[in-house]
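Asks: Letter by letter, the chains look like this.
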Amino acid sequence: MAAPWAFLRLGIREWNGGTRSIHGMSESVAPGGNQKRRTLLQYLGDHFYDIQALREFLLLRQMLKLNRKNRSFIGINEKYGPYVTGALFILKLGGAVKFQDKEWIRPNERGRFSADFLAFREVPVEAVDASGCAINYLGLDNLSVALKELQSLSLQRCPNVDDWCLSRLYPLAGSLQELLLAGCPRVSERGLACLHHLQNLRRLDISDLPAVSHPGLTHILVEEMLPHCEVLGADWAQGLKLGPEQQPQDTSSPVSA
Amino acid sequence: MVAVSEASYSLEGVGSAGRSAHSGECPVARADDHAGAGRPLVLKGAGLRSTMFRRVLQLGLGPGLLTRGLSTRRGVSTLDWDAKVSEFKKKIECILPGKPWETQLYDTSHLPPEQSDVVIIGGGIFGLSVAFWLKKLEKKQDAIRVLVVDQDHTYSQASSAGLSVGGIWQQFSMPENVRLSLFSVEFLRNINEYLAVVDAPPVDLRFNPSGCLLLASEKDAAALENNVKIQRQEGAKVCLMSPEQLQNKFPWVNTEGVALASYGMENEGWFDAWSLLQGLRRKVRSMGVLFCQGEVTRFITSSSCVEGPNGEEMVLKRIHKLHVKMDKSLEYQPVECAIVINAAGAWSGHIAKLAGIGKGPPGTLQGTKLPVEPRKRYVYLWHCPQGPGLETPLVADTSGVYFRREGLGSNYLGGCSPTEEEEPDPANLEVDHDFFQNKVWPHLAQRVPAFQTLKVQSAWAGYYDYNTFDQNGVVGPHPLVVNMYFATGFSGHGLQHALGVGRAVAEVVLEGEFKTINMSPFLFTRFYLEDKLQEYNIL
Numbered sequence: 001m002a003a004p005w006a007f008l009r010l011g012i013r014e015w016n017g018g019t020r021s022i023h024g025m026s027e028s029v030a031p032g033g034n035q036k037r038r039t040l041l042q043y044l045g046d047h048f049y050d051i052q053a054l055r056e057f058l059l060l061r062q063m064l065k066l067n068r069k070n071r072s073f074i075g076i077n078e079k080y081g082p083y084v085t086g087a088l089f090i091l092k093l094g095g096a097v098k099f100q101d102k103e104w105i106r107p108n109e110r111g112r113f114s115a116d117f118l119a120f121r122e123v124p125v126e127a128v129d130a131s132g133c134a135i136n137y138l139g140l141d142n143l144s145v146a147l148k149e150l151q152s153l154s155l156q157r158c159p160n161v162d163d164w165c166l167s168r169l170y171p172l173a174g175s176l177q178e179l180l181l182a183g184c185p186r187v188s189e190r191g192l193a194c195l196h197h198l199q200n201l202r203r204l205d206i207s208d209l210p211a212v213s214h215p216g217l218t219h220i221l222v223e224e225m226l227p228h229c230e231v232l233g234a235d236w237a238q239g240l241k242l243g244p245e246q247q248p249q250d251t252s253s254p255v256s257a
Numbered sequence: 001m002v003a004v005s006e007a008s009y010s011l012e013g014v015g016s017a018g019r020s021a022h023s024g025e026c027p028v029a030r031a032d033d034h035a036g037a038g039r040p041l042v043l044k045g046a047g048l049r050s051t052m053f054r055r056v057l058q059l060g061l062g063p064g065l066l067t068r069g070l071s072t073r074r075g076v077s078t079l080d081w082d083a084k085v086s087e088f089k090k091k092i093e094c095i096l097p098g099k100p101w102e103t104q105l106y107d108t109s110h111l112p113p114e115q116s117d118v119v120i121i122g123g124g125i126f127g128l129s130v131a132f133w134l135k136k137l138e139k140k141q142d143a144i145r146v147l148v149v150d151q152d153h154t155y156s157q158a159s160s161a162g163l164s165v166g167g168i169w170q171q172f173s174m175p176e177n178v179r180l181s182l183f184s185v186e187f188l189r190n191i192n193e194y195l196a197v198v199d200a201p202p203v204d205l206r207f208n209p210s211g212c213l214l215l216a217s218e219k220d221a222a223a224l225e226n227n228v229k230i231q232r233q234e235g236a237k238v239c240l241m242s243p244e245q246l247q248n249k250f251p252w253v254n255t256e257g258v259a260l261a262s263y264g265m266e267n268e269g270w271f272d273a274w275s276l277l278q279g280l281r282r283k284v285r286s287m288g289v290l291f292c293q294g295e296v297t298r299f300i301t302s303s304s305c306v307e308g309p310n311g312e313e314m315v316l317k318r319i320h321k322l323h324v325k326m327d328k329s330l331e332y333q334p335v336e337c338a339i340v341i342n343a344a345g346a347w348s349g350h351i352a353k354l355a356g357i358g359k360g361p362p363g364t365l366q367g368t369k370l371p372v373e374p375r376k377r378y379v380y381l382w383h384c385p386q387g388p389g390l391e392t393p394l395v396a397d398t399s400g401v402y403f404r405r406e407g408l409g410s411n412y413l414g415g416c417s418p419t420e421e422e423e424p425d426p427a428n429l430e431v432d433h434d435f436f437q438n439k440v441w442p443h444l445a446q447r448v449p450a451f452q453t454l455k456v457q458s459a460w461a462g463y464y465d466y467n468t469f470d471q472n473g474v475v476g477p478h479p480l481v482v483n484m485y486f487a488t489g490f491s492g493h494g495l496q497h498a499l500g501v502g503r504a505v506a507e508v509v510l511e512g513e514f515k516t517i518n519m520s521p522f523l524f525t526r527f528y529l530e531d532k533l534q535e536y537n538i539l
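Chains as they are written, first to last, in the working numbering: chain A, 1 to 257; chain B, 1 to 539.
No lab work stands behind these hints, which were simulated from the structure alone. On a predicted model such as this, the values are computed, not experimentally measured, just so you know. Ideal Cβ positions, reconstructed from N, Cα and C, are used throughout, including at glycine. Treat each hint with caution, since some may be false.
[Unchecked claim] The following label-pair restraints were derived from C-beta to C-beta distances:
(1) A:I220 to B:N438: 33 to 39 angstroms
(2) A:I220 to B:E244: 27 to 33 angstroms
(3) A:E149 to B:P371: 53 to 59 angstroms
(4) A:E56 to B:G358: 43 to 49 angstroms
(5) A:E149 to B:G389: 27 to 33 angstroms
(6) A:D46 to B:E93: 19 to 25 angstroms
(7) B:P175 to A:E149: 33 to 39 angstroms
(8) B:R285 to A:E230: 45 to 51 angstroms
(9) A:E230 to B:G409: 47 to 53 angstroms
(10) B:T154 to A:Q100: 44 to 50 angstroms
Full structure from sequences and hints, please.
Replies: And the structure:
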C-alpha cells in the first residue's frame, strides 16, 4: 500500500462521517448531489459484498440508537410514578419540562440537569418543550400515556415526529390546550387530520411544514375541523395565483405617467 | 504458366498441402471430379519434366485452387481484416470472467433459473411478503434460492397494488385476524427499519391514521359489541359509540337506523399500497430473490401411496418441476423446485387445479378443491364539495357501502360488495356505472345527506381473491400435495394481513410450525372438514 496512514485516516473519517451520510442518503432524496459526493464506503460497497454488509449494519445501528434513546423507563415508572418518568425522559432527550406551579427545568449546555424534580411524585407536568429532540413514536408513548394533565406540548423542529406520532396524541384530548408543530419535516396533512380528537385545543401552530402539499388549503381544512382553536400557520392566500391586475410591479422600470 | 502455378503453390502452401493430402486419400474421386468438370488444365510451359509430376499437380491443384491463386494474384481480397479482428476481440471479451458468455449463443436473461429451492407463484403483496420473510428468517445468508414468478410485471390487474383502496383496520371478529392486522400496522410504522436499503430513499406510505368507523343496525349491535370485546383483548384501540355520541363527533352523519358504532382510535386508516409493493420489491431484490415474468402452465409431480390413520389408502403427491411459459411465446422453462407457494391471488384456484388439487370424487380429501375464485369489485371516485371534512374516517355503513376521503380536494373513494345474485362477471375489468346509481348512491345519500349532490369522477374495477367457502384466507400446506403451501383467499382484506401471513408461511416452511401467530384455523383441511371460519366484518 502506497500511503497507509492516509488510507486509514480516510477510513476512520468515513466510519464516523459515513454513518451520517448513509442515514442522510436514506433520509432525504437528493438525486443530483449524490452522484458527485460519493464517499469511500459507498464506492467500496459497490464492489465488495463485505463492505455492503458493513454499510447495512451501520444503517441498522443508527436506527437502533434512536430506538434506544426512546425506550420506556419501566423501573423508574414503578419507583417514582408516571410524571417523574415522563419528565426524566424529556430531560434526557434534551428538552425542557415545567411542573405545575414550578419553574421550567432545562438541561444546561452539557446536557446535565438537577435531580430536584425526583421529589415531585404527585405534581402533574403542565408543559413540555421537546423542540429539536429526537423523539419518535416509541418515545411519545412515554409522554401521552403517562402525562395525563399536559396542557402545552411543543414539538417544533423534531426530525422524527411524523403522522404516526400525531395519531398517538389522542389520550391527551382532555387536557391539551397548546400544540406547536412548526418546522417538523415529516408531518403532513394526513397526520393533521387526526388532531380532531383534541377538542380542548386552543392554540395550534402548523407553520413551516415542508411535507404538507397545500399549506393554505390544509390551514382552512384544519380550521374547519377544530372550530374553537386558533390555528397559526400558513397564510390562506399562500399558493393562490395573483390576478393580472395584481401582478407585482417591476420597480426598476420607470413608472408610466 | 508453370511459374504461376509454382508461385501459387507456395502461397497456398498450407491449403495445398491439405488439399494434396486430401487428394492423396481419394484420388479417384478427384480424378472423376476433374474429368467431370471438363475444364482443361492449362499448364503452359516446359518446367514440368515428368508427366507423373504433372498428373500429381493436375490432381493437386484442382480448379478451385488455381482460381483462388489467380484471384489473390489479381488483388481482389475476400478477407475483411478489421471486422474479423473486432469479432475476435468480442469473443475473447465474452470468455473473460464476469461477462455473460451465453448471450453470444442465445439470450436467456428473461428465463427463470433451472433450479430454485422455493418458487413463489404470484408477485403481489402475498408473494413478496413470503419472499421477504423467507430471506429474513433463513438461518444463514443466501441459504435458500427463492424465485418469484408473476405473469404481469406492471401489476395492472393485481388486487393488492394500484387498484386497492388501501385500508387497514383491526375491527374483525376473529382474534387471529386482529393480531395479523396489529402486526401489519407495526410493520408499516417501522417500515423504514424493515425495508431499509442502503442509498435508496425511504418508503413513503402516505398513511392516513384517520381510523375506521363501523356502523351497526339493531340486529348486528350485539355481534359488534362482542367483536369489540375480542378486539380490545388483543390490544386494538377501539371504542364504542352510541348514536348521540356519533352525532356529536361527526355531525355530517345521519344516525337513523344506527344502533351502535365502533370507532378505531389508533392504528387504523389507509395507505398507498403501490408504494408498499415497490418498497417490498426493492428490498426483496436487494436480499437476493430472483424475479421472472411468466405464467405457470404445468406441474410435474410424482405420487406415492401411503396408508392413512384409518387404514385407507392415500395418494401423496410431490411437485418436482414446474413449467414457466414466457409471455406471448411458446417458450417455456422447466424449473426444478423443492417447495411451491401458491400466492397467486385471484388466480390461485387455477394454479391449484393445475397441481391436481380437487381431482377426485367429491366429498373426499382428494376431491376437495381450493374454493378461491376471482370476483370483480368496483371502486368509484367522486367529488362532493360540501362533503365531510378532514377528520372523516373510513366509514362502513350498515348496508355494506363503504367510503373514505381521498386527498385534500373533497374527493371520496368508495364502493360496495354486491350480493351473491348480483355478482358481476369476472371475465374482464369493465366498470358498471349503473351499479353505483342503483346500489351505492342511495345508501350513501341516506347515511351522509351531503352526498345527495355528488359527481363521479372516475371508477375502476379489481379482483378479490374470493374464498367462496367462508371468505377467510387459506394459509399453510396442503395435506396431500406435500410441498405446496397456500397464502391466498383473503377476499378483500389481504393487503392488511399479508405481512403477518407471509411471516407465518415462512415459519412453516423453515421450521415446520407456526411460531408467532397460530394460523392453524386457516389450514386447507377445514374445507374437507366443513369447518367454517366465518368473518362477519367483511367490506
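Asks: Taking 19 to 25 angstroms as the stated bounds, is the beta-carbon spacing between D46 of chain A and E93 of chain B within them?
Replies: Given a distance of about 21 angstroms, which is inside 19 to 25 angstroms, the answer is holds.
Asks: Return holds or violated for the Cβ distance of E149 of chain A and G389 of chain B against the range 27 to 33 angstroms.
Replies: Roughly 29 angstroms apart at Cβ, these two residues keep to the hinted range, so it holds.
Asks: Evaluate the given range 43 to 49 angstroms for the C-beta pair formed by E56 of chain A and G358 of chain B.
Replies: With a Cβ separation near 44 angstroms, E56 of chain A and G358 of chain B satisfy 43 to 49 angstroms, so the hint holds.
Asks: Return holds or violated for the Cβ distance of E230 of chain A and G409 of chain B against the range 47 to 53 angstroms.
Replies: violated (25 angstroms)
Asks: Just tell me: holds or violated, for the beta carbon distance of P175 of chain B and E149 of chain A against 33 to 39 angstroms?
Replies: holds (35 angstroms)
Asks: Is 44 to 50 angstroms a correct range for the gap between the Cβ atoms of T154 of chain B and Q100 of chain A?
Replies: violated (60 angstroms)
Asks: Evaluate the given range 53 to 59 angstroms for the C-beta pair formed by E149 of chain A and P371 of chain B.
Replies: Check passed, 55 angstroms falls within 53 to 59 angstroms.
Asks: Has the hinted range 27 to 33 angstroms been met by the Cβ atoms of I220 of chain A and E244 of chain B?
Replies: holds (29 angstroms)
Asks: Quick check on a hinted range of 33 to 39 angstroms for I220 of chain A and N438 of chain B, using CB atoms only.
Replies: With a Cβ separation near 35 angstroms, I220 of chain A and N438 of chain B satisfy 33 to 39 angstroms, so the hint holds.
Asks: Does 45 to 51 angstroms hold as the CB distance between R285 of chain B and E230 of chain A, or does it fail?
Replies: 49 angstroms Cβ-Cβ, so the 45 to 51 angstroms window holds.
Hint compliance for this structure: hints 9, 10 are not met, and every other hint is.
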